[in-house]
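2 protein chains.
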Amino acid sequence: MPEKKKIPKSAVSRLSLYLREVTRLEKGGKGKISSTELGDYTDLTDAQVRKDLSYFGQFGTSGAGYDIPSLKEAIRKILGKDKIWPIVLVGAGNIGSALLRYPGFKNQGFVIKEAFDADRKKVGKRCGDVVVKDIKNISDIKKNGSIRIAIIAVPENSAQDVANTLVKVGIRSILNFAPVVLRVNSGVTVSNIDLSTELENFSFILSSQEAP
Amino acid sequence: MPEKKKIPKSAVSRLSLYLREVTRLEKGGKGKISSTELGDYTDLTDAQVRKDLSYFGQFGTSGAGYDIPSLKEAIRKILGKDKIWPIVLVGAGNIGSALLRYPGFKNQGFVIKEAFDADRKKVGKRCGDVVVKDIKNISDIKKNGSIRIAIIAVPENSAQDVANTLVKVGIRSILNFAPVVLRVNSGVTVSNIDLSTELENFSFILSSQEAP
Chain A
1 MPEKKKIPKS
11 AVSRLSLYLR
21 EVTRLEKGGK
31 GKISSTELGD
41 YTDLTDAQVR
51 KDLSYFGQFG
61 TSGAGYDIPS
71 LKEAIRKILG
81 KDKIWPIVLV
91 GAGNIGSALL
101 RYPGFKNQGF
111 VIKEAFDADR
121 KKVGKRCGDV
131 VVKDIKNISD
141 IKKNGSIRIA
151 IIAVPENSAQ
161 DVANTLVKVG
171 IRSILNFAPV
181 VLRVNSGVTV
191 SNIDLSTELE
201 NFSFILSSQE
211 AP
Chain B
1 MPEKKKIPKS
11 AVSRLSLYLR
21 EVTRLEKGGK
31 GKISSTELGD
41 YTDLTDAQVR
51 KDLSYFGQFG
61 TSGAGYDIPS
71 LKEAIRKILG
81 KDKIWPIVLV
91 GAGNIGSALL
101 RYPGFKNQGF
111 VIKEAFDADR
121 KKVGKRCGDV
131 VVKDIKNISD
141 IKKNGSIRIA
151 IIAVPENSAQ
161 DVANTLVKVG
171 IRSILNFAPV
181 VLRVNSGVTV
191 SNIDLSTELE
201 NFSFILSSQE
211 AP
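Note that the protein sequences, when read in sequence, are chains A and B. Quick note on this note's numbering: the first sequence kicks off at 1 and runs consecutively. Quick note on this note's numbering: the second sequence kicks off at 1 and runs consecutively.
Derived by calculation from the structure, the hints in this document are not laboratory data. Mixed in with the good hints there might be a few duds.
It does not matter which identical chain is used: a pair holds within one copy or between any two.
Cut-off 27 Å, straight-line C-alpha distance, at most; resulting in silico cross-link-like pairs (BS3-like, lysine-lysine) [to be verified]: (1) Lys-51 to Lys-9; (2) Lys-136 to Lys-125; (3) Lys-122 to Lys-106; (4) Lys-113 to Lys-142.
Take these sequences, add in the hints, and give me the full structure.
Okay, here's the thing in structure tokens:
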């Protein structure tokens, strides 16, 4: 077994890219791919592709390229995509309800099974495939013991409290849309989707370019 | 003048974090902050904070801490946030229309001024502060010559075409929600918001932990 924990996050992100491309190519009927081609599709060097795939054992024979169906299945398994991952979402506002209606997650094996909000106007409403529940009942997800992933899409002033509660009820991975740095135990993984930070990187670059 | 272009993107992202915190603290009436405190708020070391801020010249006196209003104004200026940035959004589907209604951008000085879609059902509809226009008329944004930032929220199979068109009409920075690697000229910056990749990082970690 490869030692998965030592693999850097950036390599895991690139595996996601490779998986996307080989899934697309397999649909198109392609059977084999070289590291150079896969690098072209993902804007990476062939050396990078070979290095990333080597973390996970031997996928191809040198020179002959990778067998696309085998590579796809191997990456799917490495990424844990050989099963369905249930998700709880907290905060059914603008962003949260768009995510509830977004078909992309389910197609990828990530299924939002539960949604919670503190706003009485939202509680009880159907959104996508779920009915929004009262945040007070969040410990209900313990009954559905398999949920380990949460999405936080609440305002910044309540995000930390929500995160604390989620960790108590067994969540181990949090995708956080609130513009705040969440403090969690070391066993919990947080990824921040911070759109303002991305835009500020743009305004930084653009104003540098415009500067005299 | 500091040489802005040599600053790594990661440092610029941390400046965004610092700005968020000092803005919050200023509202709370706080006047000064040490690098240690700012590090505590952002989950970074005090050495990291000092290093990042030193890229941009001298903000504080050693030992006395940083003056919060001055630090805030300096970071705002560095990030180009001393002005309003108009944005064009392409793709008014689930995610796109949530972004159009999201008040967070405007509060941060990023204003979606134009929205386009190829779907006739969406064209002509008001969404947030704008009316969605036909993608065929996208070159209209040239008339409004100041738009340099775009958000792409179209399906993956049309994202590259949209990107090509946007670059032709003067866009220099693209926030891309489509799950595809966009190819653009070297003068154009692309940031990808890839939610599936984030979730796949979680499923990777969780399945590693569950493995025997």
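The hints, checked one at a time:
no.: 1; hint: Lys-51 to Lys-9; in the structure: both (14 Å within a copy, 24 Å between copies)
no.: 2; hint: Lys-136 to Lys-125; in the structure: within (16 Å within a copy, 37 Å between copies)
no.: 3; hint: Lys-122 to Lys-106; in the structure: both (22 Å within a copy, 24 Å between copies)
no.: 4; hint: Lys-113 to Lys-142; in the structure: within (13 Å within a copy, 44 Å between copies)
In the structure shown, no violation is registered for any of the earlier numbered hints.
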